[in-house]
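What follows is each chain in one-letter form.
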Amino acid sequence: MITAGIDCGAKNVKVVILNDGKVASKATAPAGIDTASAAEKAYDDALKAAGCGREAVVKIIATGSGKNEPRFKNDIVTEVGADARGIHFTSPNVRTVIDVGAEEGRAIKVDENGKVVDFAVNEKCAAGAGAFTEAMARALEIPLEEFGPFSLTSTQEVPMNAQCAVFAESEVVSLVHRKIPKQDIARAIHNAIADRITSMVRMVGITPEVALIGGVANNVGFVVSLKEDLELDLMIPEDREYIGAIGAACIAAGSQ
Amino acid sequence: MAEVQKGKEYWRWTESRWTSPDMDWKSGGIISAGVDVGSVSTQAVVMVDGKLYCYANMRTGSDSPESANNAMKWALEGTGLSRDKIHATVGTGYGRVNVPFATKAITEIACHARGGNFMYGPQVRTILDMGGQDCKAIRCDEKGKVTAFLMNDKCAAGTGRGMEVFSDLLGVHINDVGAMSLQVAEEPPPVSSTCVVFAKSEASGLLRQGWPKEKVLAAYCSAMAHRIVTLLERIGVEKEFAITGGISKNVGVVSRLSKELSVTPLKTDLDPQIAGAIGGALFAKALYEKKGK
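Residue numbers (this note's numbering), protein chains in the order written: chain A, 32 to 287; chain B, 112 to 404.
Please keep in mind that the hints were generated in silico from the structure rather than gathered at the bench. Predicted, not measured: the structure shown is a model, and the values here were computed from it. One should not assume that every hint holds.
[Claimed, not checked] EDC-like, lysine to aspartate or glutamate: derived pairs with alpha carbons at most 16 Å apart:
| # | chain 1 | residue 1 | chain 2 | residue 2 |
| --- | --- | --- | --- | --- |
| 1 | B | Lys-265 | A | Asp-226 |
| 2 | B | Lys-311 | A | Glu-165 |
| 3 | B | Lys-311 | A | Glu-200 |
| 4 | B | Lys-119 | B | Asp-279 |
| 5 | B | Lys-265 | A | Glu-200 |
[Said to hold, decoys possible] The following label-pair restraints were derived from C-beta to C-beta distances:
| # | chain 1 | residue 1 | chain 2 | residue 2 | range |
| --- | --- | --- | --- | --- | --- |
| 6 | A | Thr-186 | B | Lys-254 | 53 to 63 Å |
| 7 | A | Gly-236 | B | Arg-345 | 24 to 34 Å |
| 8 | B | Ser-173 | A | Ser-286 | 56 to 66 Å |
| 9 | B | Leu-261 | A | Pro-180 | 40 to 50 Å |
| 10 | B | Leu-261 | A | Arg-209 | 28 to 38 Å |
| 11 | A | Ser-68 | B | Pro-300 | 18 to 28 Å |
| 12 | A | Glu-172 | B | Lys-378 | 43 to 53 Å |
| 13 | B | Ala-397 | A | Pro-180 | 54 to 64 Å |
| 14 | B | Ala-290 | A | Gly-84 | 53 to 63 Å |
Think of the CB as a built atom: it goes at the ideal place given N, C-alpha and C, for glycine as much as any other residue.
One chain only, chain B, in its complex shape (with noise of 0.2 Å):
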């Protein structure tokens, strides 16, 4: 069976924070912001006449109010910039109404889009939200308006927190679970309980059948892919698509999504998982050029 170390924080991701190298918020363009207080990351991005130029991503405390805070702090960090210079802010996600300084809460949904359009450009048209405790599907047009969305926010199944459980079963850290699943020679059945639970306990009885760690990781990522396929074909997967949120940083989900599927998502050079958080900075923009005139 495999060893497992106790209390060791295999679910802990690794945080982010960037800034433009050539860009300079003095330039007195507008500068506006959007905090995304996720369920379990918030991020804080910060852009100059909609133009990206900082931000910052991390974990999300007990505290909403606090996390918002904290992520926006870190965002500005050796910038100079201060929060009172920010023209308008742009609360969104789970903890959309505790961001304590934004000056509108907007849905994460319409924000995905609106991020999404911006990081992989106007030809997105779908666009799959792979958050911490929940799974988004959205369609959206050229413009990055939602056409449609479905959503699941009621199971841990095919969830970050889902993959978290694995995770810490498998004593294998969070970055380093979808690369491990792919190092098998034959891809095994997909673990076949829905529950995360029961699926805990169905992974249990493959370790101790001898299977490797990576070939019951196999079987959950294919599992969790499935799953979130399923959800997909719901709504229609429309070219181009992307992929966002902490799970589209694993890629034993999305390799096997993508070919599940037949799509190739788009790729990108930002952190996937600020979308919302730059959807709400260019809805803050646009807010505060409408008030200003």
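Next up, chain A with everything else stripped away, as it sits in the complex (with noise of 0.2 Å):
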């Protein structure tokens, strides 16, 4: 049986074919302005992937900030109970699973079946969010891909006050102009936005094995001050950005 999971995204859109309990392929696309026409994109491309046509596929379920968007979708879920599903699927271990994205944090706390227990939500405000080391990676002017790595060079810390991402930016512009090297700033940054996800985390408890999921954990920066203020090492898959959409794949198998 082939079913597809599509994670609509704010920033990219993700899509995982699963072929009787295997993920068989995976396609991503950036959602850009239109969100509907990148999924279409991301289907066909993970379609192609697998090496079959959509006739093959049974039931297409979508999720995401914007899972109303694909045409071609049968059924939605929400992102809690997709990513419970699919790390359950990848690491049935885990029991928190802690997921920052472009435009939102969460932290679900998941049984041993994949069952969402308790989560928590921010959606509403950016500091906690990849668009905050988005925007902080701007007003430093360094490639998000090297912000990160770079972070990882400071030699002093530097208190930052503001959590606003708006503050935020001219609190960097002004310590910028106070001769603070970079690498410094960069590291307050990351530790600022770790600070944010921790109390969103603690608000569900943290019960070991931790995973650290979505495009924000590519940052090995945020990484890093994650583990510090967690103080306990997070496990992070390889499908770390799929995570959704193979568990609404997963369940788009399991309602068939």
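Grab the two chains, each in its own frame, and use the hints to assemble them into the complex.
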């Protein structure tokens, strides 16, 4: 049986094709201004990679903030439900999932069956999402992909007072004017977002094993700060950006 | 899509200064001053015997002491009065401890209540101060004493900074955004994102859908008004009601806020941004009098 999971995030659309309980293919496309078309493209790419046509797919479930956009979906599930099911599929020992995306962050407590026990979400404030690091990298004029590694070259701690991304941007500019080394500012920025995520995770409690997923899990600077804050090791699955899509595809398979 | 000119300073609001045409500082009265160093603007007010003599309202620079000095210098310009003749000065606002020539620093909450009482009269019970990087709702008694307050200084939503981001995005001067937002035949639904960063992306999406700038501004002004109403409702609005701070000059926000609250804010002929500094000058006068006794 072939099913598909489409995770329409704020920044990227992720598609997973699941065939008889195995991931057959994955594909991604930037969401851009037209999520529906991006989903269409990523879906076609994934089908091509899996070597099957649209007619072979029995059910397609969408998730993510743009889950209503894909025209070809059969159903939708919440991001929290999809993450929980997805992590159970890839890493069944995980009890706490931290998902940090471009514009949202969530912490989910899951049981041994992949059922959601509790969760906390931030979708209102950029300070606890990838948008924060992105805005700060722009303010410091450092390419986003170099931002994390660059922050690890810091040698001293600099306090950052602002929480709000808009205010933090002004603070970063004034720190630059005060000739504070950029790597130290970068470190402070990663500590700040890790702080925000940590307070959110504490709302649901921290039960090991703890997994970190979502696009921001690719940022080593953030990962180091979060580990320090939580005082524990984080499991980062290989498919960190596809967990929601995997979960949606699993839920599609389970409903058949 | 709306055309946006890069590099223009759409945020640059108009500075102001004023001297009383019929007062003389040489009259022998107590000369007191208040300096309110905010995150975006700095005001210096000089009073003679508790009457407004002159003031200046200008942008805060990167250095607080220098901003305080500059504002005071501008306020005194052409008056013949010099700083050493001022009997007492109170520093207030975000940078209150950085007013080098201040006798004392007093919180902006206390100063706003006191200044609001002077500007709008003793009937004022609720003062909303909408500043550059924060927003305060203050309840006070007939003497201008604070009875309760609430403040947001953590989030740019509902502050002047949020409005600047929109002014820049749309390429509309900050002085004009309010009036422009009222040029819509029908009120659009408010921008749904709270966070200014997300609201900005949402607005870009609306522009791409072909929304005119007026409509986008209307959607943002009403979102901001709604956010401030939520803050006010937590503390309760008792009449009379007055609005101070830079955003009080934005008719788009003020009219929507008044409508949602069903309360008409009091009017003043003075610059509504100087309330804190006036409060400071009044406290300075009281300090001097107390010391003299």
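Comparing the hints with the structure gives:
no.: 1; hint: B:Lys-265 <-> A:Asp-226; verdict: holds, 15 Å
no.: 2; hint: B:Lys-311 <-> A:Glu-165; verdict: holds, 14 Å
no.: 3; hint: B:Lys-311 <-> A:Glu-200; verdict: holds, 15 Å
no.: 4; hint: B:Lys-119 <-> B:Asp-279; verdict: holds, 8 Å
no.: 5; hint: B:Lys-265 <-> A:Glu-200; verdict: holds, 13 Å
no.: 6; hint: A:Thr-186 <-> B:Lys-254: 53 to 63 Å; verdict: holds, 54 Å
no.: 7; hint: A:Gly-236 <-> B:Arg-345: 24 to 34 Å; verdict: holds, 29 Å
no.: 8; hint: B:Ser-173 <-> A:Ser-286: 56 to 66 Å; verdict: holds, 59 Å
no.: 9; hint: B:Leu-261 <-> A:Pro-180: 40 to 50 Å; verdict: holds, 42 Å
no.: 10; hint: B:Leu-261 <-> A:Arg-209: 28 to 38 Å; verdict: holds, 32 Å
no.: 11; hint: A:Ser-68 <-> B:Pro-300: 18 to 28 Å; verdict: holds, 25 Å
no.: 12; hint: A:Glu-172 <-> B:Lys-378: 43 to 53 Å; verdict: holds, 46 Å
no.: 13; hint: B:Ala-397 <-> A:Pro-180: 54 to 64 Å; verdict: holds, 58 Å
no.: 14; hint: B:Ala-290 <-> A:Gly-84: 53 to 63 Å; verdict: holds, 57 Å
When each numbered hint is compared with the structure, no violation occurs for any of them.
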